[in-house]
Every structure is written in C-alpha cells, then in structure tokens.
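Let the hints inform the model, and build the full structure from the sequences given.
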Amino acid sequence: MTAPARETAAHALDISHVSKRFLVSGRKMLALSGVDLHVDEGEFVSIVGASGCGKSTLLRLILGLDTDYEGEVRIDGVRVKTPGLDRAIVFQDHRLLPWLNVRSNIAVALRHSPLGKAEKAERVDAQMRLVGLERFSDAYPAQLSGGMAQRVAIARALVNRPRFLLLDEPLGALDALTRLRLQNELLRIVRQEGATAILVTHDVDEAVYLGDRVVVMRPDPGRVATVLSVSGPQTHDRSSPGFIGLRDQVLALLGVAYNGAELSLAREADAREAAPA
Amino acid sequence: MSLGRTLALPARPGIGMSMSDRLRRFGAFAAKFAAKALAGLAVPVGLAAAWFFCARWNWIPEQILPSPDAVWQTLRETTADGSLQSATLVSLQRVLSGFAVGIVAGVGVGGALGASATLRGYIEPFFLAFNQIPHIAWMPVLMLLFGIGETLKIVLIAWAAFLPATLCTLQGVRDVPAGYRELGRVLMFDRRATFSTIILPCALPSIFTGLREGLANAWHALVAVELLASFEGLGYMMAYGRQLFQLELVMAAMAVIALIGLIFHTLLRWVELRLSRWHLEGAA
Ligand SMILES: Nc1ncnc2c1ncn2[C@@H]1O[C@H](COP(=O)(O)OP(=O)(O)OP(=O)(O)O)[C@@H](O)[C@H]1O
Ligand SMILES: [Mg+2]
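First to last, the sequence lines map onto chains A and B. Mapped onto our numbering, the consecutive letters of the first sequence carry residue numbers 1 to 277. Mapped onto our numbering, the consecutive letters of the second sequence carry residue numbers 1001 to 1284.
Think of the hints as simulated: they come from the structure by calculation, not from any bench. Just so we're clear, the structure is a prediction, and the values are computed from it rather than from any experiment. Any given hint could turn out to be false.
Stated by the list, open to error - Chain B is faced by these chain A residues, among others (derived, beta-carbon under 10 Å):
(1) Ala88
(2) Arg95
(3) Leu96
(4) Leu97
(5) Ser104
(6) Val108
(7) Ala109
(8) Asn160
The C-beta atom is built at its ideal place from N, Cα and C for all residues, glycine as well.
Shown next, in the form of structure tokens:
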C-alpha cells in the first residue's frame, strides 16, 4: 500500500530527505527527520499525525517561509527559496487581519494580481458566496465566530486560484454540517481548478474522504510513518467497506482502535492488534 | 490604503432605517452621552463647590486661594483687554509647532527603530536613558546652544513630544505579531503593502498613545520654558501673576491650559477612533 518514492523524475512537488531542527531552550530538537514525499500535479494529499509531529512545520517549508533545513523542497525540480503566489495557505490559526473587514481580508490576497478592479471585486464576491459569508462582507473578524473566520481564511487562500493549496486544519472549528459541506466544496474547487492540495487534518474520516493519498506522520522525531493510497471504489464513499477499512487502518497507525460505533483510545497493544499485518 | 478599501461596499448600518428608528437611536445615544458627561463632570463640579465654599468662608486666605469669582473676573478682564487671547495664541503657536516637529520626527525614528533590530540594539538604550531625564533638565544646555529666543522653546517642546512618540511607535511596530508579517510574506506583499496593510494599522493604537503622551509633555515643557525664559504666553502670565501675588491670574492661565489640553486630547482620540473603527465595532 505504501506509495513508492519515485526519485528520478521531477514531480510537481518533491520533498526529499527533509530534516528540520529547532533550538528549544538551548537544545537542538528534531522537528522533522528524513521526510520524503512526492506529490503529483492535481493530487490531493492528506496528512494526519499526532500533535507536534511537524505537520505545520512541513507546510512552512513548502511555502518557503523557512529555508533553514536539511534536504530539499522542490517545485518542478526547482528548489523553493521564497514564498510565491503559486502557493496559498489556510493557516491553523486563521490569521485574519483584525482591522480589515471580511471583504478586504479576502481582497488582500489579490493585491498583486493582474486582474482589473471589477474582476477582483467579482472574484471576492464569488469566494464569499462560496463560503456562505456574503451577508458578512462588512463585518470585522472580531465579530465572527471561529468557524466563520476559518471560512474567510479559506476564501482568502482560494481567491488567487493557487496551483498549490496548503490547508492546515482548515475545517477544525466548523460544525459537522458545514464541515461536510465545505469538504465537498473543497474537493470540487480543487478538482475544478486542477489545484494540488495538501491538507493537514486531525479528522481521519476527512483525510480518507478527501485524500488521494493519506500520509501518516509520527512524532519524536517528526517523520512519515506510512503513505496509504486511496483508490478504487472506496474513494469518496464514506459507507463503503473499503473506506471504513482504510479509515480503521489509519486510526490504528495513529494508535487508536475503532470498534463499531465506539471510538476509544487504545493501548499500544490494542493498536497493534487492530492493525493488519 | 489597501485594495480592500477601494472595494468596500457602501452598505452601512443605518441606511435602511426608518425615521422613528433613527430618533430612537439618537435618543439612546444622547442619553448615554449625557450619563457619561454627568459622570465626567461630577468630580470637577464637586471640587468647584469645595473651592467656592473655601473662599466664601475664608477657610484659606485669599492671597493663597483666590475665590472663583476673582478668577472669573480676571478671565473676563484679560479677555476684554485682549491680553489673554494674545498670550494663548503665542503659547498655542509654540506648542503646536513644537509638537508637530516632535511627533513627525518621533514617529519616523520610532518606526525605523521598531523595524530594525540592529538599529534598536544601537540606539534604544540611549532613548530609554534619555527618557529618564526630565525634559526641563535640558534647558540650561539648550539655552547655551540656542539662546533664549523662540528656537529654544520650539526645540524643548519638540524634544518633550519626541520621546514618547518615539518610544510608543517603536513598541507598536516591534510588537506586530510575527504571524501577520508571515502572512504578508505569503501574499508576496512588497514593503509598501506590508507597511500600509499590516504594520501601520497594527501599530496605530500604540502610536496614538505616544501622540497623546507627547501632547501632554509638550504643554508641560511650554509652561516650564515660559515660566523661566519668556515675556509672553500663558506661562509668562503665570510667572507674572505669582510675582505680583495675583494668584487669580495664575489660575486663569491654568484654566485656559486645561481647557485647550482637553480639547486637543479629545481631538486626537476622535481621529484615532475614526482611523480604527474596527476596534470599536469589534468590541461592540
Ligand atoms: N518556531 C519554533 N521554534 C521552536 N520550536 C518549534 C517552532 N515551531 C515548531 N516547533 C516545534 O516543532 C514541533 C512541530 O511543530 P508543528 O507546529 O509543526 O506541529 P504540528 O504537527 O503542526 O502540531 P499540531 O497538530 O498541534 O498543530 C513541535 O515540537 C514544536 O515545539
Ligand atoms: Mg500544526
């Protein structure tokens, strides 16, 4: 099931032998250790893993916000040195600017777009409709709920139609219904735009539902444990046996057992038992 | 300022309101304002009453605490002969020019210091040390440099306004959260966009704190320099009144200074609120 790492030809995004150290209270701490991941154009990759295993750190490296690491992050075979408008992110903390209203918060992403004024306004409107916030276009972030703020952040990331869409737990603060709706929206947009998406999530269901592949990471040091391919009839059908099997497999890899409808944190032994050999 | 500004919809709350709604809103606003004004007036009115009775029953000799009527009388006389207006005008001119020079330089220097850690490393300790020195203490040095003419006054007032403007701007710019700067990098903002969309709005409340402190400082410096080295202005009026044991003259000047200071303070506050509506609305 593990996707083979094809090192030879350049993919849309290549992450090769990436290690990242942080200095924490005077000690070098390995946040990422030998991470290898190769993503094809138009692929949707989900990343799951325990808190602190370096998921957000990895996204920062892909963005080019931090270039102080070992290994290489390459786009079309070219090393990433700086941020670029080809990559957009929904930060884990939504990071809206408190002094701009919803409309302006989305519009700032178009600041360097070659579009005309009217086109820009139209795009922003379309994004607001998409995330269902057109009635709040004049509201300020402090007047929004957590989930609404996250939707604005999603709209801001999408408005530029980026080639790579990085999503750091973008649906974390949403209610179940909005969440399901936006999952479908995300999928639709990503497909429609032909974007390549990398989604960090703690929701295993979501990871399997949206991802063409699911990357399972482990902490201490942060590394890729397994990459599972989601393909065939189970794709996007939450009740298919294939889907459920995959989901349980991911949960097991995370050290959580799933029995029937009851989700429980299991001991290491249980997790090993639940994992298929 | 930002692209967003130009895109902002004109839709504002209150556009589609009926007349009675508006009246009710205005009524509520007026009531709130009146309550606030009453609360704000309670202490001054109480003090004025105390003052009135002190003078009335001679608890404190008139040479030390003149009666309110005497002060009022003085205010009217000096207004009638034009001496109050001319003193006020002179002082106002000095404060405004000194304050303007001080805050323009202060916001500029503070912004540069806030943006550059290297620069801060070199200069910030000096500023913190300078800030401990009362600005009046510079007067002897400045007198030697500039004489006792108009330049001395402007320089001293400017310096007094410069320090808090610099330090507060520095703080505001330095403390812009790293996450916002990072967002600017991800959105490929150039320096201008970063400044106008992220740094300036984020630092604005702190900058205005500096401006208000600078304004208060400017008045302090004005009175000090006019008491010591001037033949006109409100400070001089006070020095003159003290020498002649006409304390009502001193108090009249104090009243004018307090009133003008309050007006300026309110103006600054109003400008700040206009510029940061999000703060207000967000808190509501
Ligand atoms: N700027 C930093 N300085 C020092 N250590 C850092 C820094 N950023 C991250 N780390 C460390 O790197 C590790 C990985 O952090 P990261 O934020 O990538 O985790 P994560 O997988 O996104 O976790 P979560 O699911 O909780 O968001 C953590 O142990 C964290 O302490
Ligand atoms: Mg994270």
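Cut-off 10 Å, beta-carbon criterion: hint that Ala88 (chain A) touches chain B: At about 7 Å, which falls below the 10 Å cut-off, the nearest Cβ of chain B leaves the hint on Ala88 (chain A) intact, so it holds.
Interface hint status, Asn160 (chain A) versus chain B (Cβ within 10 Å): With a closest approach of 9 Å, the Asn160 (chain A) hint holds.
Cut-off 10 Å, beta-carbon criterion: hint that Leu97 (chain A) touches chain B: 7 Å, holds
Ser104 (chain A) as chain B interface residue, shortest Cβ-Cβ below 10 Å: 2 Å, holds
Arg95 (chain A) as an interface hint toward chain B, with CB separation required under 10 Å: 5 Å, holds
Hint validity - Leu96 (chain A) Cβ closer than 10 Å to any chain B Cβ: 9 Å, holds
Hint validity - Ala109 (chain A) Cβ closer than 10 Å to any chain B Cβ: Constraint on Ala109 (chain A) satisfied, holds at 6 Å.
Evaluation of the interface hint that places Val108 (chain A) against chain B, nearest CB under 10 Å: Given a least distance of 6 Å, the restraint on Val108 (chain A) holds.
No hint from the list above goes unmet by this structure.
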